[in-house]
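J.: Heads up: the sequence lines are chains A and B, in that order.
Under the working numbering, residues 1 to 293 are what the first sequence spells out, in order.
Under the working numbering, residues 1 to 293 are what the second sequence spells out, in order.
The hints are simulated quantities; they were obtained by calculation from the structure and are not laboratory data.
Values in this document were obtained by computation on a predicted structure and should not be read as measured data.
Among the clues, some could well be false.
If several chains are the same, the list does not tell them apart, and a pair holds so long as it fits within one copy or across any two.
[Stated by the list, open to error] In silico DMTMM-like cross-links for lysine to aspartate or glutamate, where the CA-CA straight-line distance does not exceed 25 Å:
| hint | residue 1 | residue 2 |
| --- | --- | --- |
| 1 | Lys150 | Asp137 |
| 2 | Lys193 | Glu17 |
| 3 | Lys282 | Glu222 |
| 4 | Lys90 | Glu17 |
| 5 | Lys57 | Glu163 |
| 6 | Lys50 | Asp241 |
| 7 | Lys58 | Asp137 |
Listed here are the chains, written in short residue letters.
There are 2 protein chains.
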Amino acid sequence: MQTQLPIISVNGILGKEVSPLDRGFTYGDGVFETCRLMSGRIPLWNRHSKRLLEGCKKLLIPVSGELVQNYLSQLVALLAPQDQADAVIKIIVTRGQGGRGYRLPDEVVPTICIGIFPSAQYPKSHSTYGVNLRVCDQRLGTNSHLAGIKHLNRLEYVLARAEWADLDIADGLLLDTNENLIEATSSNIFAVKDGSLFTPDLSGAGVAGVMRGFIMEVLSAELGLGVSVKKMSICDLYLADEVFLCNSILGIWPVVKVCGAPDHVFAVGPTTIALGKLLEAKLSAMIREPLLL
Amino acid sequence: MQTQLPIISVNGILGKEVSPLDRGFTYGDGVFETCRLMSGRIPLWNRHSKRLLEGCKKLLIPVSGELVQNYLSQLVALLAPQDQADAVIKIIVTRGQGGRGYRLPDEVVPTICIGIFPSAQYPKSHSTYGVNLRVCDQRLGTNSHLAGIKHLNRLEYVLARAEWADLDIADGLLLDTNENLIEATSSNIFAVKDGSLFTPDLSGAGVAGVMRGFIMEVLSAELGLGVSVKKMSICDLYLADEVFLCNSILGIWPVVKVCGAPDHVFAVGPTTIALGKLLEAKLSAMIREPLLL
Chain A
1 MQTQLPIISV
11 NGILGKEVSP
21 LDRGFTYGDG
31 VFETCRLMSG
41 RIPLWNRHSK
51 RLLEGCKKLL
61 IPVSGELVQN
71 YLSQLVALLA
81 PQDQADAVIK
91 IIVTRGQGGR
101 GYRLPDEVVP
111 TICIGIFPSA
121 QYPKSHSTYG
131 VNLRVCDQRL
141 GTNSHLAGIK
151 HLNRLEYVLA
161 RAEWADLDIA
171 DGLLLDTNEN
181 LIEATSSNIF
191 AVKDGSLFTP
201 DLSGAGVAGV
211 MRGFIMEVLS
221 AELGLGVSVK
231 KMSICDLYLA
241 DEVFLCNSIL
251 GIWPVVKVCG
261 APDHVFAVGP
271 TTIALGKLLE
281 AKLSAMIREP
291 LLL
Chain B
1 MQTQLPIISV
11 NGILGKEVSP
21 LDRGFTYGDG
31 VFETCRLMSG
41 RIPLWNRHSK
51 RLLEGCKKLL
61 IPVSGELVQN
71 YLSQLVALLA
81 PQDQADAVIK
91 IIVTRGQGGR
101 GYRLPDEVVP
111 TICIGIFPSA
121 QYPKSHSTYG
131 VNLRVCDQRL
141 GTNSHLAGIK
151 HLNRLEYVLA
161 RAEWADLDIA
171 DGLLLDTNEN
181 LIEATSSNIF
191 AVKDGSLFTP
201 DLSGAGVAGV
211 MRGFIMEVLS
221 AELGLGVSVK
231 KMSICDLYLA
241 DEVFLCNSIL
251 GIWPVVKVCG
261 APDHVFAVGP
271 TTIALGKLLE
281 AKLSAMIREP
291 LLL
């Protein structure tokens, strides 16, 4: 791929910047999506698009999914050759410009900002041999109106991610203010116990990841695995047979250690391996499909 | 004042926009201040500046207070004649540009965005005859790391403000997820009971307003009023003799009704009137001081 990344468009205009009156800037008043671009295709695009539009609906942002899709297609078409393009795509939709004050503007013209960034460079060993985590001190406040949405109010995550610099720690686990396990700073978490999957209830806090949904609704079903969403404590995680992380960019990573006093260690187990292989096969199949965008 | 408002500078450059990579835009990763400009002076500027810098410190944003002051002075100097300029000033400081992901950038160059907006046009009757409030359905999540800071993660406030359009409702009361009374969407709240002031504890949620601090530390002392910060329920408010709102722009507004089923009504009482008069005298005195900016 020859195109110099990142390339970013704002409402379809390459290189445009954002008004200081944009409510994304003034209040974090919007949502975002982070998607993987593989050989010019976006795996699970339907799920990303659905979540983006659902988030906007919950925040009362009247965005056109067709317009988002058009701007996205225009930008991806700039990558040459498109069918070999691997990258990360970030889409931000905000409530657009507004005046001073929280009141919704009378007329809303959403800002649709799309960026194409270089692929994430993760060590290959992460998906094979697993990663280490820590437990963050930062807690997530709970809010049932905002839970699950990938909105732009991310200060808790910024402060949590600022807690460690150790490159051997791949991510940090986040608990809510009631000490429920929720997720990691940039991924969702699953526990495997007696051959079934368990993942935290996100009705009070957290981001309902696209890969989490794909694992729960498609991959686990194809492997005949039970899946339970439930309130989980960090102890529930420590008692698991296997633990893994997931998101749209990294796929599935086994967790082999949660660092602490004491450390909690896990094996890279058969269920995680099977899910990872099935995901890889699905992604490979998607690459052979026609270019949709 | 002849200058057409708003005028906005970004890092000292008039009319500049914001990078779509700015972490204020991508994560709400920053803080803001809203100040009143009266005859070219900013009352309580020292308090605004202090809170801005304390917020940045808590968020690990290395901003120079001197630089903020310089950009502010440059912008205010554009108003002619400066010593008659009445307006509202909004200052936003973010962590500046960053890459994808929550990790703090290796080098941080904060974005300092300053806007001067037309004065707020509130009915004069609000400060004399009082205002009506409602209780919002939206709840504030609690987070002791973020509580008190005027940060840019304001979706809860946006959704709360979207709950009503009735022009007779001046503001909406916000409770946290534990049903503690915290504040209103754009102001702090005080109850007067037996001649003493009570205002909600903000250690878990809410914005510690500059006018709230001035009332607690200066105005109440001059009037010999006791002040208690405590966990308050909405019932504690209903049992008060007087209730008032405050912020840097509106000053002090008596609350005469919290609408609901049933409505709760309050008289415009002597303590609120005395505080309002003292504040007005203080502000008038500030206008006669030399131009500091």
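J.: Hint by hint, say whether it matches the structure.
T.: Checked hints:
1. Lys150 - Asp137: both (21 Å within a copy, 22 Å between copies)
2. Lys193 - Glu17: neither (48 Å within a copy, 51 Å between copies)
3. Lys282 - Glu222: Within one copy only: 11 Å inside, 72 Å across.
4. Lys90 - Glu17: Cα proximity of Lys90 and Glu17: in one copy and across copies (15 Å, 20 Å).
5. Lys57 - Glu163: The answer is between: 15 Å across copies meets 25 Å, while 33 Å in one copy does not.
6. Lys50 - Asp241: neither (33 Å within a copy, 51 Å between copies)
7. Lys58 - Asp137: Answer is between; shortest inter-copy Cα gap is 15 Å, intra-copy 29 Å.
Violated hints, listed in ascending order, are 2, 6; each of the other numbered hints is respected by the structure.
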